[in-house]
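Asker: Protein chains in written order, with my numbering: chain A, -13 to 99; chain B, 39 to 152.
The hints are simulated quantities; they were obtained by calculation from the structure and are not laboratory data. There could be a bad hint or two in this list.
To be verified - Derived BS3-like pairs (lysine-lysine); straight-line CA-CA distance at most 30 Å: (1) A:K38 with A:K94; (2) A:K(-11) with A:K94; (3) B:K64 with A:K(-11); (4) A:K(-11) with A:K55; (5) A:K94 with A:K55; (6) B:K64 with B:K51; (7) A:K38 with B:K64; (8) A:K38 with B:K51; (9) A:K(-11) with A:K38.
What the hints assert, rightly or not - Computed spacing ranges between beta-carbons, pair by pair: (10) A:Q96 with B:L49: 37 to 43 Å; (11) B:R53 with A:G90: 28 to 34 Å; (12) B:R53 with A:A(-1): 26 to 32 Å; (13) B:S65 with A:S27: 23 to 29 Å.
Beta carbons are placed, not taken as given, at the ideal position from N, Cα and C, and that holds for glycine.
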Amino acid sequence: DAKTTQPPSMDCAEGRAANLPCNHSTISGNEYVYWYRQIHSQGPQYIIHGLKNNETNEMASLIITEDRKSSTLILPHATLRDTAVYYCIVRVAIAGGYQKVTFGTGTKLQVIP
Amino acid sequence: DAGVTQSPTHLIKTRGQQVTLRCSPKSGHDTVSWYQQALGQGPQFIFQYYEEEERQRGNFPDRFSGHQFPNYSSELNVNALLLGDSALYLCASSYLAGGPSTQYFGPGTRLTVL
Chain A
-13 DAKTTQPPSM DCAEGRAANL PCNHSTISGN EYVYWYRQIH SQGPQYIIHG
37 LKNNETNEMA SLIITEDRKS STLILPHATL RDTAVYYCIV RVAIAGGYQK
87 VTFGTGTKLQ VIP
Chain B
39 DAGVTQSPTH LIKTRGQQVT LRCSPKSGHD TVSWYQQALG QGPQFIFQYY
89 EEEERQRGNF PDRFSGHQFP NYSSELNVNA LLLGDSALYL CASSYLAGGP
139 STQYFGPGTR LTVL
C-alpha cells in the first residue's frame, strides 16, 4: 500500500476554510485517495474520495495534484463540530474489496471559535 | 437505513480470558473488515471477510480470529487476552462491486483488559 504523510496538527478559525494537506508520493495509478475523519472515540466517518479529478460533495472538496503525489481536503466553512482527526489513505478499488487499508496517524484539526 | 452497528459498546475483561465482538454491516453490504485502534494511533487492519471467508489479514497473531455469517454479520474473537489488547475495535463494511468500495465504519467496541 502507498504510504501517506500528513501534518500531525492544524488550527483553523471558525467560519474559515480548512485546508488539510496529504502527501502520497508513491501512489499507484489504480489507487484512490480517501479521506475519513474521527471525532473523539467514535468510528471514522467517510468524507470523500477521488482518483485524479477534483471532487466535491456536501461535506468537502478534494483537490488532487496533476501528478497525484499529493492532495488537499478542503472544508469550506469550518465549524466547531469539524474538530476531529482527519485521515488520508490510499487504496486500490478492486472487486470484492480485498485490499487491506492502512491508516496513518492523521491530522488533528482544531477549529477555534 | 441502518448503518454499521457493533456490540457491545464497552467491555472489560481480565488477562487470559476470551472475548467475542459482533458487527452488523450496513444494509446492502457484504464485506466486513475489522480494525484495532490503540489510544492515540490510527486504526490497524486486522482482517477482512467476504463470502464467509477470511480474504485479507494484517499483522495480527492467530489469537485473533473471526467469522462471517450468511446474513453478512461478523464476529471478532480474541483468545488469551493480553493487556496490550486494550483498544477500540472497529468494524467497517463495504459492497462487492467493480468500482471503489468505500468502507463505512461502526461506532466501535471499547475493550479494556485488566
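Asker: Taking 30 Å as the top limit, are the C-alpha atoms of B:K64 and B:K51 close enough?
Answerer: holds (28 Å)
Asker: Next pair to validate is A:K38 with A:K94; report whether the Cα-Cα distance is within 30 Å.
Answerer: This hinted pair holds, its Cα atoms lying about 25 Å apart.
Asker: Would you check the hint for A:K(-11) and A:K94, treating anything up to 30 Å between C-alpha atoms as holding?
Answerer: holds (18 Å)
Asker: Range first: 23 to 29 Å. Now tell me if the beta carbons of B:S65 and A:S27 are that far apart.
Answerer: About 25 Å separates the Cβ atoms of B:S65 and A:S27, which means 23 to 29 Å holds.
Asker: For the pair supplied as a hint, A:K(-11) and A:K38, is the alpha-carbon distance within the 30 Å limit?
Answerer: Measuring from Cα to Cα gives roughly 17 Å; hence the hint holds.
Asker: Regarding A:Q96 and B:L49, is the given constraint of 37 to 43 Å on their beta-carbon distance met?
Answerer: violated (31 Å)
Asker: Given the hinted pair B:K64 and A:K(-11), is their Cα-Cα distance within 30 Å?
Answerer: holds (28 Å)
Asker: Verify the CB-CB distance for B:R53 and A:A(-1) against the hinted window 26 to 32 Å.
Answerer: violated (47 Å)
Asker: Are the Cα atoms of A:K94 and A:K55 separated by 30 Å or less?
Answerer: holds (21 Å)
Asker: For A:K(-11) and A:K55, compute the direct alpha-carbon distance and say whether it is at most 30 Å.
Answerer: This hinted pair holds, its Cα atoms lying about 11 Å apart.
Asker: Given the hint that A:K38 pairs with B:K64, does the C-alpha gap stay at or below 30 Å?
Answerer: Given that 30 Å is the threshold and the Cα spacing comes to 28 Å, the pair holds.
Asker: Sort out whether B:K51 lies within 30 Å of A:K38, counting only the CA atoms.
Answerer: With Cα atoms ~46 Å apart, A:K38 and B:K51 exceed 30 Å; violated.
Hint compliance for this structure: hints 8, 10 and 12 are not met, and every other hint is.
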